[in-house]
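*Asks:* So the protein lines, in turn, are chains A and B.
Position in the first sequence (first residue = 1) + 4 = my numbering.
Position in the second sequence (first residue = 1) + 352 = my numbering.
Hint data in this document are derived by calculation from the structure and do not stem from the laboratory.
If you're wondering where the values come from, they're calculated on a predicted model, not measured in any experiment.
Cβ coordinates follow ideal geometry from the N, Cα and C atoms, glycine included.
Be aware that one or more of the hints could be misleading.
[Stated by the list, open to error] Taking beta-carbon pairs under 10 angstroms as the criterion, some of the chain B residues facing chain A (in silico): (1) Y468; (2) L486; (3) I496.
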Amino acid sequence: MNSISLGPIIFGFIFGFIIGSQIKYNSKSTEKFTIASFAVIIIAAVVIAWQIGQFPFYDDIPINTAFLFAIIGLIFGKLVLGRKK
Amino acid sequence: MSQNSIILKIIALPIAIILICLGIMTILGGHITPGGGFQGGAMITGGIILCILVYGLESSLLNLSHEYISILESIGALGFIILGLIGLFVAGSFLYNIGADFGNVVPSYIQSIFHYPDVTNAGIVPYLNIFVGLKVFVGLSAIIIAFAGFKKLGDQS
Chain A
5 MNSISLGPII
15 FGFIFGFIIG
25 SQIKYNSKST
35 EKFTIASFAV
45 IIIAAVVIAW
55 QIGQFPFYDD
65 IPINTAFLFA
75 IIGLIFGKLV
85 LGRKK
Chain B
353 MSQNSIILKI
363 IALPIAIILI
373 CLGIMTILGG
383 HITPGGGFQG
393 GAMITGGIIL
403 CILVYGLESS
413 LLNLSHEYIS
423 ILESIGALGF
433 IILGLIGLFV
443 AGSFLYNIGA
453 DFGNVVPSYI
463 QSIFHYPDVT
473 NAGIVPYLNI
483 FVGLKVFVGL
493 SAIIIAFAGF
503 KKLGDQS
């Protein structure tokens, strides 16, 4: 049976986008996370999603789609809306 | 309020992002596993708390504005009530699962609108989890932000 759950993909991305839009540097921030930092975070998140596996949806993709698309939405929301205050 | 450790400041945001993704996963798997809206929302808030504790309230990299919190809180509460009212008007009982329609009382086109795209026949339950998750996430975050602000006011006085 070929089955892919679209719900976790769509709503994971939307949820991540909503929260990622609030990752912002402000004038009082002393920390600086570069593009390379976020690339490392994405790689770590993909490894975690792979290790979680099919749980909890048990569809045919051997990776946790909700986790994966949540991190994609987070980064996308940060890039689109999460600029400096 | 903020910590001065460089290690904490480097690792807090990545851990917060991973925590938030785990929270989203918990919310979206709430209809088939233990967990759900409240638990996932609390996990997302854990990431917000970590950032506020490490970076401080004013310089936190994950700082939620008042408008953001009020909008999401309203969407969470209104969405839950609207889904319940749709069940009341269409099927006669509040929060009737019009997406699954176990009683065969809902027209098929309405059922297809509210059917969650999943391998399970969950209906509106994931949507309710999402709205509860939104509401819990911003509600608990507002409490933590208020506590952090009170601490700052206490230090000033």
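*Asks:* Decide, hint by hint, whether the structure agrees.
*Replies:* So, going through the hints one by one against the coordinates:
no.	hint	result
1	Y468	holds (5 angstroms)
2	L486	holds (8 angstroms)
3	I496	violated (14 angstroms)
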